[in-house]
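K.L.:
Sequence order for the protein chains is A, B and C. Going by the working numbering, the first sequence opens with residue 1, and the numbers climb by one from there. Going by the working numbering, the second sequence opens with residue 1001, and the numbers climb by one from there. Going by the working numbering, the third sequence opens with residue 2001, and the numbers climb by one from there.
These are computed hints drawn from the structure, not numbers from a lab. A virtual CB, placed ideally from N, CA and C, is assigned to each residue, including glycine. Any given hint could turn out to be false.
[Stated by the list, open to error] So the derived label-pair ranges between C-beta atoms look like this: (1) C:D2102 with B:G1164: 32 to 40 Å; (2) B:N1269 with A:T240: 49 to 57 Å; (3) C:D2139 with A:Q67: 32 to 40 Å; (4) B:E1109 with C:P2071: 28 to 36 Å; (5) B:G1148 with C:R2068: 40 to 48 Å; (6) B:D1150 with A:L239: 27 to 35 Å; (7) C:R2011 with B:D1139: 54 to 62 Å; (8) B:D1139 with A:M1: 29 to 37 Å; (9) C:R2258 with B:L1105: 27 to 35 Å; (10) A:Q143 with C:D2139: 30 to 38 Å; (11) C:D2241 with A:E180: 53 to 61 Å; (12) B:Q1143 with A:R11: 38 to 46 Å; (13) A:T240 with B:D1150: 22 to 30 Å.
[Claimed, not checked] Quick partial rundown of chain C residues pointing at chain B, CB under 7 Å, derived from the structure: (14) Y2022; (15) V2023; (16) A2096; (17) L2099; (18) P2190; (19) M2191; (20) T2196; (21) H2236; (22) T2240; (23) L2242; (24) D2243; (25) G2244; (26) N2245; (27) S2247; (28) T2260; (29) A2263.
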Amino acid sequence: MLYERFERVRRLHPLIHNITNYVTVNDCANILLACGGSPIMADDPEDAVEITAICGGLNLNIGTLNQRTIPAMLAAGRRARELGHPVVLDPVGAGASRLRTDTALRLMEEARPTVIRGNVSEIRTLASGSGTTRGVDADVADQVTEEGLDGAVAFAKAFARRTGAVVAITGAIDIVADGERAFCVRNGHPMMSAITGTGCQLSALTAAFVTANPDAPLEAAAAAVCAMGLCGEIAHRRLTDLDGNASYRNYIIDAMYRLTPAALEEGANYEVR
Amino acid sequence: MLYERFERVRRLHPLIHNITNYVTVNDCANILLACGGSPIMADDPEDAVEITAICGGLNLNIGTLNQRTIPAMLAAGRRARELGHPVVLDPVGAGASRLRTDTALRLMEEARPTVIRGNVSEIRTLASGSGTTRGVDADVADQVTEEGLDGAVAFAKAFARRTGAVVAITGAIDIVADGERAFCVRNGHPMMSAITGTGCQLSALTAAFVTANPDAPLEAAAAAVCAMGLCGEIAHRRLTDLDGNASYRNYIIDAMYRLTPAALEEGANYEVR
Amino acid sequence: MLYERFERVRRLHPLIHNITNYVTVNDCANILLACGGSPIMADDPEDAVEITAICGGLNLNIGTLNQRTIPAMLAAGRRARELGHPVVLDPVGAGASRLRTDTALRLMEEARPTVIRGNVSEIRTLASGSGTTRGVDADVADQVTEEGLDGAVAFAKAFARRTGAVVAITGAIDIVADGERAFCVRNGHPMMSAITGTGCQLSALTAAFVTANPDAPLEAAAAAVCAMGLCGEIAHRRLTDLDGNASYRNYIIDAMYRLTPAALEEGANYEVR
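So here's chain A without its partners, still in its complex pose:
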């Protein structure tokens, strides 16, 4: 099943408009190219709407939001919805500041994202309308554990039902849910959190997958989450005693470039609850 989702990305080369932070933007562009997609970035309000229109999907990431890019994200988000383009929202740091929380909530309202992808603290913030987050990383107390998995799945489904979006909560165990079904994904490696922007990269990747699979956003998002985690595993096996997080970053993108639909099908580690 994941095979087909990835195969369509490789075949259709979805063009993704990214309004994203300047910290990890280069890695987002390279992972989009690695998976078979094509990136474009435009964050001026005057430019963004027009660029959105020539793309297939839109990836909104508030990691370094500002007074110029917020209107661009809102306008591009509205335009994408008018055109029926998939929209991914990555609410980086929602809960860490009022501006981030408010902007993420407003983007949910106005862009009506197809997928919302964040860590558990960010998603809890959006679900409750406020929150506190330790920077851009999830609070330890919020982490999804095996014991808390059923509760987290129920939370994700309820939030998905309320918003109409596929909700992807990523962490040690990833949950990708719509209102009915949840993929619980056990791919990935803890060292991925020692690289800046693996979450941002996953959001960009998810945009490519849902754009290439417009009729199956849940499965497409789950495939992207499995693919990213699997590449984290493959790349980790490649590390030598001298390698650290910089080489690991490169190896993950390299692994995505080399990943085949068959290898994804084979290596994906998930259950549906």
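Chains B and C: place on chain A using the hints.
P.N.:
Okay, now just chains B and C, sitting in the frame of chain A:
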């Protein structure tokens, strides 16, 4: 001939002011250092003019243009012309949006670039004053082929005559032309298009080459185009079965760091038409 | 002594707010993660003050300052001081333009940095209130040599006394001084200057070290300087005949990820004057 062009870059360490996009800016800085140049970035209108004045050349790239950086590019471009500094224009995405097309045309008018470097769709847009581009990549229909090469050479020469700029159209075959002569370059590797920003890097590199060779902009630009393509070849030979586009990106910059003028002379693959 | 400084970074995971340039920001984030810290970036005036409040320390870098980020840096700097958070100032290009010099001087005044880290030309500019710098690199005439070391140490101590900051002047020999004592550090490798942003990375790293060691800013800053230089040495030994500055960049961050407090204590090469 290319030997001397590159040797001057290595010897003179040209300082290049780059007003460029935030997607690929780090790679532009590192390839400038790799070739022997030195980068500086300043994109606030108040800062940009003064920084231009202390540099030897200017590289303008509209990849993520905005309402703050457009006036900075215009002002820096005019200042560079007043000072007689070489200016390179990279019209990223011209044809993909009105703002990009208009800004590129205005920069041509006001900054009078020494070199205009883009893909064929971007350059066609500038030549006709409007166009449609698939994002930041060239349309397949526009690609320069062996059969269409004479026509493309004539087009490049005519556009060069009209603008007074050296015109570099890069793709499977690269054309670097002034009004009289065109270098047709067959260096490079198709996998370079799987990395974000190889075009941006080439524009930065070109700025270093033309700045170090003020009396020979055509040959300097051709040398930069050959050097970039040759590094793409050298880096591709280095790839293992595990490497993908992220390692390839690093290997290209590494190859530029190691490239000697003699190796460029030896490996350059071009004809003059 | 350096052992304990680094061990505290690894144990306390200081969260560092960075308002920094978009050229090297990704490397700053990854070296912070590599050393055991955690990065967050926010540069909108409305967002920056709130993000500063949830962090432990603040890193201000004017490499691509603009009219939006200057007020953000000033406001975040004032807030950090109110909260007693350490502030590092990296005056990139002070002396190269009026805007850079003035902004750096104003940040010294209003943010009262705990550490000022720059090359010798930048620091001389701040000490004299004006200056001329060749872009973002130190003037050759300014370089600290063995013969000029005593004079440079006296200069650094005097500037530290006047500003109340620890002053870190980095170059072939690094000087890290408060009003009383100066660490003269001989770690590092000349090839580090062929990578964009090793200075920016060091400033981010210094912010993590002083945040984790609030009672010992001089030793903490010296430990950061030794750690960065030592990683430059370790990474340089790893280079093959094919590697250049791009791989070297990765290897330095990798080396920081692998570095232990014991290895830092063992490899640090300094004297106190």
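K.L.:
Holds or violated: the 54 to 62 Å window for the beta-carbon distance between R2011 (chain C) and D1139 (chain B)?
P.N.:
holds (55 Å)
K.L.:
Hint says 29 to 37 Å; check whether the CB-CB distance for D1139 (chain B) and M1 (chain A) agrees.
P.N.:
holds (34 Å)
K.L.:
Interface hint check: D2243 (chain C), Cβ to nearest Cβ on chain B, cutoff 7 Å. Holds or violated?
P.N.:
holds (5 Å)
K.L.:
Mind checking the hinted window 28 to 36 Å against the Cβ distance between E1109 (chain B) and P2071 (chain C)?
P.N.:
holds (33 Å)
K.L.:
Verify the CB-CB distance for D2241 (chain C) and E180 (chain A) against the hinted window 53 to 61 Å.
P.N.:
Roughly 57 Å apart at Cβ, these two residues keep to the hinted range, so it holds.
K.L.:
Given a cut of 7 Å on the nearest C-beta pair, is the interface hint for L2099 (chain C) held or broken against chain B?
P.N.:
Because about 4 Å separates L2099 (chain C) from the closest Cβ in chain B, which is inside the 7 Å limit, the hint holds.
K.L.:
May I ask you to test the interface hint for S2247 (chain C) with respect to chain B, counting a Cβ-Cβ separation under 7 Å as satisfied?
P.N.:
With Cβ-Cβ at 5 Å, under 7 Å, it holds.
K.L.:
Checking hints one by one. Is P2190 (chain C) an interface residue toward chain B, by the C-beta closer than 7 Å rule?
P.N.:
Since the shortest Cβ distance to chain B is 13 Å, the answer is violated.
K.L.:
Is the interface hint satisfied for T2240 (chain C)? The criterion is a beta-carbon contact with chain B at less than 7 Å.
P.N.:
Violated. Min distance 9 Å.
K.L.:
At a threshold of 7 Å, is the proposed contact between T2260 (chain C) and chain B supported by beta-carbon distances?
P.N.:
violated (26 Å)
K.L.:
Quick one: are R2258 (chain C) and L1105 (chain B) within 27 to 35 Å, going by C-beta?
P.N.:
Given a distance of about 51 Å, which is not inside 27 to 35 Å, the answer is violated.
K.L.:
The hint names L2242 (chain C) as touching chain B; please verify it with the least Cβ-Cβ distance against 7 Å.
P.N.:
holds (6 Å)
Checked against the numbered hints above, the structure violates hints 2, 6, 9, 10, 12, 13, 18, 19, 21, 22, 28, 29; every other hint is satisfied.
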